[in-house]
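A.B. asks: The primary structure of each chain is shown beneath.
Number of protein chains: 2
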Amino acid sequence: MEQKFPEAFAEFTEVCKTLENHYRDMQDMEFTVEHGKLFMLQTRNGKRTAQAALQIACDLVDEGMRTPEEAVAMIDPRNLDTLLHPQFDAKALKASEPMGKGLGASPGAACGKVVFTADDAVAWNDKGEKVVLVRLETSPEDITGMKAAQGILTVRGGMTSHAAVVARGMGTCCVSGCGDINMDEENKRFTLAGKEFHEGDYISIDGSTGNIYDGIIPTVDATIAGTFGRIMGWADEFRTLKVRTNADTPADAKKARELGAEGIGLCRTEHMFFEEDRIAAFREMICSDTVEEREAALDKILPYQQNDFEALYEALEGCPVTIRFLDPPLHEFVPTEEEDIKKLADAQGKSVEDIKAIIASLHEFNPMMGHRGLRLAVTYPEIAKMQTKAVIRAAINVQKAHADWTVAPEIMIPLSCDTKELKYVKDMVVATADAEIAAAGIEMKYEVGTMIEIPRAALTADEIAKEAEFFCFGTNDLTQMTYGFSRDDAGKFLDAYYDAKIFENDPFAKLDQTGVGQLMKMAVANGKATRPELHCGICGEHGGDPSSVEFCHEIGLDYVSCSPFRVPIARLAAAQAAINSK
Amino acid sequence: MEQKFPEAFAEFTEVCKTLENHYRDMQDMEFTVEHGKLFMLQTRNGKRTAQAALQIACDLVDEGMRTPEEAVAMIDPRNLDTLLHPQFDAKALKASEPMGKGLGASPGAACGKVVFTADDAVAWNDKGEKVVLVRLETSPEDITGMKAAQGILTVRGGMTSHAAVVARGMGTCCVSGCGDINMDEENKRFTLAGKEFHEGDYISIDGSTGNIYDGIIPTVDATIAGTFGRIMGWADEFRTLKVRTNADTPADAKKARELGAEGIGLCRTEHMFFEEDRIAAFREMICSDTVEEREAALDKILPYQQNDFEALYEALEGCPVTIRFLDPPLHEFVPTEEEDIKKLADAQGKSVEDIKAIIASLHEFNPMMGHRGLRLAVTYPEIAKMQTKAVIRAAINVQKAHADWTVAPEIMIPLSCDTKELKYVKDMVVATADAEIAAAGIEMKYEVGTMIEIPRAALTADEIAKEAEFFCFGTNDLTQMTYGFSRDDAGKFLDAYYDAKIFENDPFAKLDQTGVGQLMKMAVANGKATRPELHCGICGEHGGDPSSVEFCHEIGLDYVSCSPFRVPIARLAAAQAAINSK
Chain A
5 MEQKFPEAFA EFTEVCKTLE NHYRDMQDME FTVEHGKLFM LQTRNGKRTA
55 QAALQIACDL VDEGMRTPEE AVAMIDPRNL DTLLHPQFDA KALKASEPMG
105 KGLGASPGAA CGKVVFTADD AVAWNDKGEK VVLVRLETSP EDITGMKAAQ
155 GILTVRGGMT SHAAVVARGM GTCCVSGCGD INMDEENKRF TLAGKEFHEG
205 DYISIDGSTG NIYDGIIPTV DATIAGTFGR IMGWADEFRT LKVRTNADTP
255 ADAKKARELG AEGIGLCRTE HMFFEEDRIA AFREMICSDT VEEREAALDK
305 ILPYQQNDFE ALYEALEGCP VTIRFLDPPL HEFVPTEEED IKKLADAQGK
355 SVEDIKAIIA SLHEFNPMMG HRGLRLAVTY PEIAKMQTKA VIRAAINVQK
405 AHADWTVAPE IMIPLSCDTK ELKYVKDMVV ATADAEIAAA GIEMKYEVGT
455 MIEIPRAALT ADEIAKEAEF FCFGTNDLTQ MTYGFSRDDA GKFLDAYYDA
505 KIFENDPFAK LDQTGVGQLM KMAVANGKAT RPELHCGICG EHGGDPSSVE
555 FCHEIGLDYV SCSPFRVPIA RLAAAQAAIN SK
Chain B
5 MEQKFPEAFA EFTEVCKTLE NHYRDMQDME FTVEHGKLFM LQTRNGKRTA
55 QAALQIACDL VDEGMRTPEE AVAMIDPRNL DTLLHPQFDA KALKASEPMG
105 KGLGASPGAA CGKVVFTADD AVAWNDKGEK VVLVRLETSP EDITGMKAAQ
155 GILTVRGGMT SHAAVVARGM GTCCVSGCGD INMDEENKRF TLAGKEFHEG
205 DYISIDGSTG NIYDGIIPTV DATIAGTFGR IMGWADEFRT LKVRTNADTP
255 ADAKKARELG AEGIGLCRTE HMFFEEDRIA AFREMICSDT VEEREAALDK
305 ILPYQQNDFE ALYEALEGCP VTIRFLDPPL HEFVPTEEED IKKLADAQGK
355 SVEDIKAIIA SLHEFNPMMG HRGLRLAVTY PEIAKMQTKA VIRAAINVQK
405 AHADWTVAPE IMIPLSCDTK ELKYVKDMVV ATADAEIAAA GIEMKYEVGT
455 MIEIPRAALT ADEIAKEAEF FCFGTNDLTQ MTYGFSRDDA GKFLDAYYDA
505 KIFENDPFAK LDQTGVGQLM KMAVANGKAT RPELHCGICG EHGGDPSSVE
555 FCHEIGLDYV SCSPFRVPIA RLAAAQAAIN SK
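So the sequences go chain by chain: A and B. Numbering follows our numbering, in which position 428 of the first sequence is assigned residue number 432; successive positions increment by one, without gaps. Numbering follows our numbering, in which position 351 of the second sequence is assigned residue number 355; successive positions increment by one, without gaps.
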């Protein structure tokens with residue numbers, strides 16, 4: 005153009021400068037040259053990849069066109085998601101054709117050998133093989149296998165199925181609900197697109213698009229380039245909301261710290277119970293006939309828990325760590341396979357019938373609304389006592405090893421609905437903790453708080469705050485109870501709700517500010533009226549959703565806690581919320 | 005005494021008069037006479053049976069010692085319960101020794117022959133036999149059998165188990181949770197107190213004390229004596245709160261009208277689906293592949309429903325009738341026995357595998373929080389349309405037959421949580437109803453309202469009231485969702501809560517004014533702010549609990565609705581609430 009229409013080109017260069025100066029952003033312009041004369045047809049802010057958006061924002065700051073504050077406000081936090089996970093090599097992807105499609109349930113790309121069970125995933129991973137775990141659906145027993153896999157593919161389940169939620173939490177790629185797969189788990193094979201796949205065959209999956217590919221497509225790791233770091237640095241200057249992470253393992257905690265997390269907002273201790281040695285002791289606890297037997301079984305778990313917690317405190321280097329006590333109902337821990345039941349019976353010196361009777365007695369009609377959370381601590385105080393000992397002993401050891409850190413455990417009691425109930429459990433936690441601290445002969449501060457995840461807890465927050473030293477909103481459960489539907493079952497009717505335009509968003513992904521948010525606002529205000537120093541956070545999946553983060557800023561929460569891979573998103577969203585509310 | 009200590013006796017007679025005049029109530033006095041001199045030791049208001057309490061209150065009014073208002077305030081409404089059910093003959097009872105004990109789950113006494121299935125209860129009852137239905141636990145499929153029985157005895161389940169709740173609703177005697185029974189349902193026998201019982205053996209049960217007796221103890225029917233009627237008449241003069249009844253059948257409705265009910269506050273239409281012809285058509289609907297097939301199946305149910313409703317309108321003679329649309333999840337209607345599944349498959353021209361797949365697809369993890377209530381109307385609009393036609397056609401026919409009555413149907417949509425959701429269903433109800441009324445060429449007013457039983461409905465009542473013409477608080481479900489526990493599962497931990505003094509009352513029996521009540525108060529205030537003419541009621545079990553009735557009066561409800569046998573209790577409690585708040 006410079007050679008063919010030198011005048012028009014010179015003019016165009018000027019116009020570009022004028023327009024980009026005017027809009028203070030990269031422009032996507034249409035123009036034409038007729039008889040050597042330049043005609044500008046239209047201009048708009050250019051679309052860009054996340055990586056390009058960061059680069060442009062930094063360039064605009066360097067060119068003096070934007071302030072850092074403006075640069076932070078320009079980036080759509082939702083776009084960052086793609087930057088934080090491995091992606092397929094672009095060239096290899098172009099040459100590939102998907103053979104099927106499910107729901108893009110947890111972003112990122114993965115390739116590996118097909119395995120059909122969680123145990124196989126662990127075993128193959130230990131041998132250095134990269135695997136993709138393919139299952140009808142997943143359950144809590146599959147956690148270790150899910151961790152060992154590069155990606156997870158399920159036949160059943162929606163965006164809020166167990167596989168999807170856990171995978172997002174882990175930052176692991178997941179494609180869920182691919183109903184086209186004809187699955188034969190028993191014989192370790194499935195068919196898709198007319199081809200039969202066996203254990204060890206290669207597949208590749210894309211958790212952003214939901215695409216499934218035959219064979220290997222190589223992946224490239226996410227890079228946190230310099231521009232990303234600059235923008236995050238600016239964001240941290242503007243935000244007032246702290247960002248913590250949901251992490252159950254030192255590895256997750258370290259990853260989150262790298263991504264800027266300032267503490268752990270939720271450590272789910274139950275995930276620690278599923279590893280082999282512990283599940284045996286935990287099942288022994290469940291099968292116990294007396295308090296003494298239960299205590300003996302719990303004593304076996306105590307050192308494991310204490311080690312877990314020590315590793316977490318080490319990884320956090322003195323940053324706050326909130327540990328939630330046992331939450332799920334006990335039936336999630338009992339075996340379901342005949343063979344495992346037999347093993348348990350033998351280990352317990354009981355008959356298979358006895359074990360089956362115990363399992364049957366644990367059955368619940370509505371497990372979500374059943375015998376779980378602190379209700380377990382009311383009926384089996386010895387569980388909460390064991391967990392208190394593990395937390396405090398771990399904290400004491402780490403404090404002793406690092407005199408320059410301040411290790412101040414935050415113990416979180418789940419599912420409270422009444423202040424007397426919370427007091428009952430808190431009193432026993434405090435008595436146990438104080439005895440441990442006194443025995444160690446050291447000074448240590450700790451806090452006991454509660455999750456606010458039951459409507460009644462939010463409604464009686466003024467009373468609850470008399471006992472709770474902090475609130476953490478468990479908005480997954482709070483959303484379920486407030487709407488009266490469980491996310492495991494809502495899939496059967498939510499599509500009809502979207503079709504009829506009754507709901508515009510999935511309330512489990514984007515916080516319902518009208519209903520659930522009203523309860524949160526009420527709880528923060530009434531809780532702080534009782535106890536002005538009460539600190540409040542959120543640790544549901546909403547903690548990593550930008551619009552929900554903005555709401556949390558507005559109602560005066562102190563922190564949001566989210567999956568490690570969503571920490572940068574939350575940091576940016578928190579900064580934007582602070583900037584917007586100026 | 006008159007002969008031995010004439011002076012002391014004369015003095016005593018005077019003192020009695022003085023004391024009873026002072027306390028204006030029958031006195032329970034202790035005295036002694038020493039050396040001919042009277043010493044009064046103590047006095048207090050005398051304890052009395054319910055029957056005596058009514059008599060004393062009337063006497064005091066007749067003697068001019070109390071006003072009718074004071075007489076009404078004197079009676080403890082909870083005592084009336086015993087007056088409203090059959091009791092054992094006192095002499096025969098004295099001669100008997102209980103052989104076991106369960107929970108007194110629904111008051112009254114019953115004797116009859118043991119049967120083990122609902123079908124047997126119906127068959128034996130049809131032959132004129134009085135039966136007691138003995139089961140491990142009951143389920144909705146047992147309803148007709150429970151109705152046919154004099155009493156119900158279960159091995160499992162607490163005060164809020166299916167058996168207990170349904171029996172209280174029916175006013176049928178029930179003893180639940182007698183764990184001492186060794187049950188062998190398959191072979192129709194059980195052992196208790198070392199004796200084996202078979203079908204046809206006589207037992208007697210007392211639903212107030214929970215006692216179980218071997219053999220027959222004759223019962224005497226409750227009598228509503230003249231004093232009872234007088235007190236109720238006075239109560240009606242003072243109360244402002246209306247009292248309706250929960251009734252699903254004309255027989256229940258008539259009984260309730262005799263006991264003073266001023267309308268039906270809750271007719272649960274699903275109970276009507278379990279009778280033999282209807283359940284077949286309803287299952288056909290569930291198994292349908294297309295909307296047309298579903299509509300064809302529903303067309304078979306329509307005339308039955310219309311007849312049911314006509315009979316209800318006839319029984320109510322122009323008093324208001326609130327009909328709630330289908331509420332439970334569809335899986336409650338599918339067969340569970342292999343034989344019944346086979347029958348259904350044959351009837352539907354499908355394979356047993358197909359039917360099993362349909363049943364499996366209806367499985368829910370948390371049925372209480374699943375695909376039920378108006379969610380069914382969103383996914384299957386044809387169900388709500390059929391029910392609307394049945395209601396309106398019935399009302400039109402009864403209106404035509406009784407020109408002096410005003411038949412104005414109240415259609416109640418269950419389980420709403422969002423105003424757009426309610427509007428979606430309401431719009432289709434209104435379109436269907438208006439078409440029916442136009443086709444009949446008559447004038448008819450009707451109302452469409454909703455149950456408030458989900459916390460979010462209460463929290464967004466200002467919006468919900470834009471669509472709802474009335475609110476009815478379903479406090480059973482609202483209590484479950486607000487506390488985050490289901491009453492089917494809470495039995496496993498509630499005892500520990502009572503032992504630890506965390507809870508003083510069963511929140512399903514006595515309304516939790518702090519949490520659930522706060523939601524109700526908020527909903528009434530915000531709902532009436534949007535729609536001043538909004539009428540509000542309650543139809544949970546709390547509608548028959550005196551302290552809960554008082555609370556309903558205080559927050560400005562227009563009516564309470566309760567089981568027929570609790571109507572007099574509610575009338576009295578409502579009067580006392582009005583008197584107390586003067």
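No lab work stands behind these hints: they were computed from the structure. Take the hints with a grain of salt, since some may be wrong.
Given that identical chains are not distinguished, each listed pair holds provided it fits within a single copy or across any two copies.
[As the list claims (entries may be wrong)] Straight-line C-alpha distance at most 35 Å; calculated DSBU-like pairs for lysine-lysine: (1) Lys525 x Lys427; (2) Lys192 x Lys360; (3) Lys525 x Lys505; (4) Lys8 x Lys449; (5) Lys258 x Lys354; (6) Lys424 x Lys586; (7) Lys496 x Lys525; (8) Lys389 x Lys424.
A.B. asks: If you test the structure against every hint from before, which numbers come out violated?
C.D. replies: 4, 5
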